[in-house]
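*Asks:* Chain by chain, the residues run as shown.
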Amino acid sequence: MTLSVEGLTVGSLVRDVSFEIGAGERVGLIGESGSGKSLTALSIMGLLPDELSASGSVSLHGRELLGAPERELARLRGAELSMVFQEPMTALNPAMRVGRQVTEPIRVHGRPRRTAEELLEAVGLPDTARAYPHQLSGGQRQRVVLAMAVVNNPSLLICDEPTTALDVTVQAQILSLIQTSLPAESALLFITHDLAVVASVCERVLVMLDGEVVEAGSTREVLTAPKHAYTRKLLEASDLEARR
Amino acid sequence: MILEARDLERRYARRDVHALRGVSFDVEAGQRFGIVGESGSGKSTLVRLLAALDRPTAGTVAFQGRRIDDLPERKLGFLRSELQIVFQDPMGSLDPRMRVRDIIAEPLGHRDPARVAELLVAVGLPADAAGRYPHQFSGGQRQRISIARALAPKPSVLIADEPVSALDVSVRGQILDLLDDLVSQFSLTLVFVSHDLGVVRHVCDRVAVMRRGEIVELGDVEQVYDAPEHEYTRELLAAAPSLRAALARLSEGGGDA
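Read top to bottom, the protein sequences are chains X and W. If you count the first sequence from 1, position 160 lands on 160 in the working numbering, and the numbers rise without skipping. If you count the second sequence from 1, position 31 lands on 31 in the working numbering, and the numbers rise without skipping.
It should be emphasised that the hints constitute simulated quantities derived from the structure, not laboratory data. Glycine included, each C-beta is placed from N, C-alpha and C at the ideal position. Among the hints, a few may not be true.
Which chain X residues face chain W? A few, computed with CB under 8 Å, are given here [as the list claims (entries may be wrong)]: (1) 167; (2) 169; (3) 195; (4) 197; (5) 237.
Listing some non-contacts, in silico: residues in chain X with all C-beta distances to chain W over 10 Å [unchecked claim]: (6) 9; (7) 11; (8) 16; (9) 33; (10) 46; (11) 57; (12) 72; (13) 90; (14) 126; (15) 155; (16) 233.
Calculated from the model, a selection of chain W residues having no Cβ within reach of chain X, i.e. all distances over 12 Å [said to hold, decoys possible]: (17) 1; (18) 12; (19) 53; (20) 64; (21) 71; (22) 93; (23) 99; (24) 117; (25) 118; (26) 189; (27) 198; (28) 218; (29) 232.
All chains, full assembly: derive it from the sequences and hints.
*Replies:* Shown next as structure tokens:
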């Protein structure tokens with residue numbers, strides 16, 4: 001199993017969350033703001049704010065991450081484990097040209113050299129290496145972030161609402177780029193509140209409510225035959241076409 | 001015709017941006033008029049001109065047959081009560097240091113507990129909300145406060161600029177239903193601006209599709225959504241994630257429903 005989460009608890013905000021993601025699996029995590037989706041992701045990455053701590057177990061290829069020393073986690077982040085956040089402007093360094101940023105994970109982890117042009121070209125951004133983040137559009141910035149996240153072929157990629165801040169046409173491009181640029185054997189944990197997006201990207205889905213996973217199963221089962229009342233409510237609220 | 005926009009242009013000379021280029025349309029009284037477009041399409045610039053918060057570099061805006069684009073602020077008093085706006089981010093548009101009763105009564109210019117109580121009922125907030133502050137409410141409740149404030153001066157036109165874009169889906173449905181009820185109950189004309197095609201379809205009966213400062217398509221909602229004429233409208237509709245389509249695909253893929 002690429003990722004195993006068992007009994008993950010963060011104060012009272014995330015309670016006894018367990019799930020597994022195998023190599024190449026695309027798993028969605030849905031729920032509303034405050035349901036604990038992002039804290040679950042941050043616990044896996046070892047990026048919880050100082051005042052919070054996680055208990056339970058999070059293991060990547062059998063290696064325990066909770067409580068692992070920062071040095072060890074730093075070696076994993078950007079290599080084995082990577083993450084794409086919602087807001088690309090705050091994820092990028094405003095004072096560094098994107099060419100230099102996009103090759104940073106390679107330099108930090110001492111991987112074989114690849115040129116910035118090559119990496120940017122692969123996400124559809126030729127001739128942008130000398131640009132600063134503010135000179136790019138939101139969609140272009142998210143492409144840069146994605147290029148950085150996949151450059152070292154991570155075992156696990158976490159995307160936390162990667163398209164929520166983007167226009168619909170750009171969202172469609174980024175979603176297909178995530179699917180094409182992620183290595184086939186990488187596991188994906190995709191956090192979103194948009195059920196239509198989860199249905200198009202993920203084969204399995206977890207539904208969170210008030211810090212707990214209340215339903216889990218194949219995307220088809222969960223979205224077409226939801227068992228939990230909350231999942232039904234979410235589906236009903238999302239389906240505007242049915243309301244008029 | 002309650003709102004008439006004619007050949008509106010808005011250039012920002014310093015940044016050499018042509019935010020609106022020749023936008024014309026009419027909004028009839030009682031209509032639910034949607035404006036959709038992506039970021040940078042000119043939606044927000046257009047809202048500012050309709051509300052006379054900014055002036056066009058060319059073209060005219062008329063409210064109930066009276067030009068408003070060339071009036072000084074001191075002559076716009078009538079418009080400020082007749083036309084009200086609900087913004088996207090309720091936290092950013094509510095003064096954190098004012099109590100809800102003062103926020104809602106602000107457009108009236110004087111305290112009016114009876115009117116505030118009436119408005120709280122209309123937007124589905126408890127009576128004791130009046131004495132509390134914005135931070136004590138959830139995002140959806142704050143948007144209800146914004147709506148109550150907008151309705152306070154009994155406007156005839158309500159402009160809602162991305163009113164549900166910052167909200168969770170379940171809350172989004174409630175706020176859309178509330179707007180729908182209030183528009184009928186108070187016979188309002190609604191101008192509804194959104195990047196979300198699904199939301200506009202749900203709420204509006206007419207829709208204008210904007211791209212790069214122009215209206216590329218304008219028509220009845222059914223016609224524009226079911227038989228879009230412009231290439232860009234088709235592109236937008238195709239890009240919008242549809243839960244219905246996704247569920248249909250899932251059911252087919254599995255062979256059961």
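*Asks:* Each hint: holds or not?
*Replies:* Status of the hints after comparison with the structure:
1. A cut of 8 Å between beta carbons decides the hint on residue 167 of chain X: the least distance to chain W is about 4 Å, and the hint holds.
2. Annotation: residue 169 of chain X was flagged as interfacial toward chain W, and the flag holds, the nearest CB pair being 4 Å apart, inside 8 Å.
3. With its C-beta approaching chain W no nearer than about 5 Å, residue 195 of chain X sits inside the 8 Å limit, and its interface hint holds.
4. The interface hint given for residue 197 of chain X is met, as the beta carbon of that residue sits about 5 Å from the closest beta carbon of chain W, less than 8 Å.
5. Checking residue 237 of chain X against chain W: minimum C-beta separation of about 4 Å stays under 8 Å; hint holds.
6. For residue 9 of chain X, the shortest C-beta to C-beta distance to chain W comes to about 24 Å, beyond the 10 Å cut-off, and the non-interface label holds.
7. The non-interface label for residue 11 of chain X is consistent with chain W: the shortest C-beta to C-beta separation is roughly 20 Å, beyond 10 Å.
8. The claim that residue 16 of chain X lies off the interface holds: its Cβ sits roughly 23 Å from the closest Cβ of chain W, which is beyond the 10 Å cut-off.
9. Against the 10 Å criterion, residue 33 of chain X falls within the reach of chain W, whose nearest CB is about 6 Å from its own CB.
10. With 10 Å as the threshold on Cβ separation, the claim that residue 46 of chain X sits away from chain W holds: the shortest Cβ distance comes to roughly 28 Å.
11. Against the 10 Å criterion, residue 57 of chain X stays outside the reach of chain W, whose nearest CB is about 30 Å from its own CB.
12. Every Cβ of chain W is farther than 10 Å from the Cβ of residue 72 of chain X; the closest lies at roughly 36 Å, confirming the non-interface assignment.
13. The Cβ of residue 90 of chain X lies farther than 10 Å from every Cβ of chain W, with a closest approach of about 17 Å, so its non-interface assignment holds.
14. Annotated as non-interface, residue 126 of chain X keeps its C-beta farther than 10 Å from every C-beta of chain W; the closest such distance is 22 Å.
15. In this structure residue 155 of chain X is separated from chain W by more than 10 Å, as the shortest Cβ-Cβ distance comes to about 27 Å.
16. Not every Cβ of chain W is farther than 10 Å from the Cβ of residue 233 of chain X; the closest lies at roughly 6 Å, contradicting the non-interface assignment.
17. Under the 12 Å C-beta cut-off, the non-interface status given to residue 1 of chain W relative to chain X holds; the minimum distance is some 26 Å.
18. Taking the minimum C-beta to C-beta distance to chain X, about 18 Å, the non-interface status of residue 12 of chain W holds against the 12 Å cut.
19. Annotated as non-interface, residue 53 of chain W keeps its C-beta farther than 12 Å from every C-beta of chain X; the closest such distance is 24 Å.
20. Every beta carbon of chain X lies more than 12 Å from that of residue 64 of chain W, the smallest distance being close to 29 Å; the non-interface claim holds.
21. Residue-level check passed: residue 71 of chain W sits 34 Å from the nearest beta carbon of chain X, beyond 12 Å.
22. Every Cβ of chain X is farther than 12 Å from the Cβ of residue 93 of chain W; the closest lies at roughly 19 Å, confirming the non-interface assignment.
23. At roughly 25 Å, the least C-beta separation between residue 99 of chain W and chain X is larger than 12 Å, which holds for a residue marked as non-interface.
24. A cut-off of 12 Å between C-beta atoms confirms that residue 117 of chain W is not in contact with chain X; the least separation is 29 Å.
25. Distance to chain X confirms residue 118 of chain W as a non-interface residue, since its nearest Cβ pair spans about 27 Å, more than 12 Å.
26. With a least beta-carbon separation of about 19 Å from chain X, residue 189 of chain W lies farther than 12 Å from that chain, consistent with its non-interface assignment.
27. Listed as a non-interface residue, residue 198 of chain W fails to keep its Cβ farther than 12 Å from every Cβ of chain X; the least gap is roughly 5 Å.
28. Distance check on residue 218 of chain W: its Cβ is at least 19 Å (rounded) from any Cβ of chain X, clearing the 12 Å threshold; non-interface status holds.
29. Its closest Cβ contact with chain X, about 9 Å, brings residue 232 of chain W to no more than 12 Å, contrary to its assignment away from the interface.
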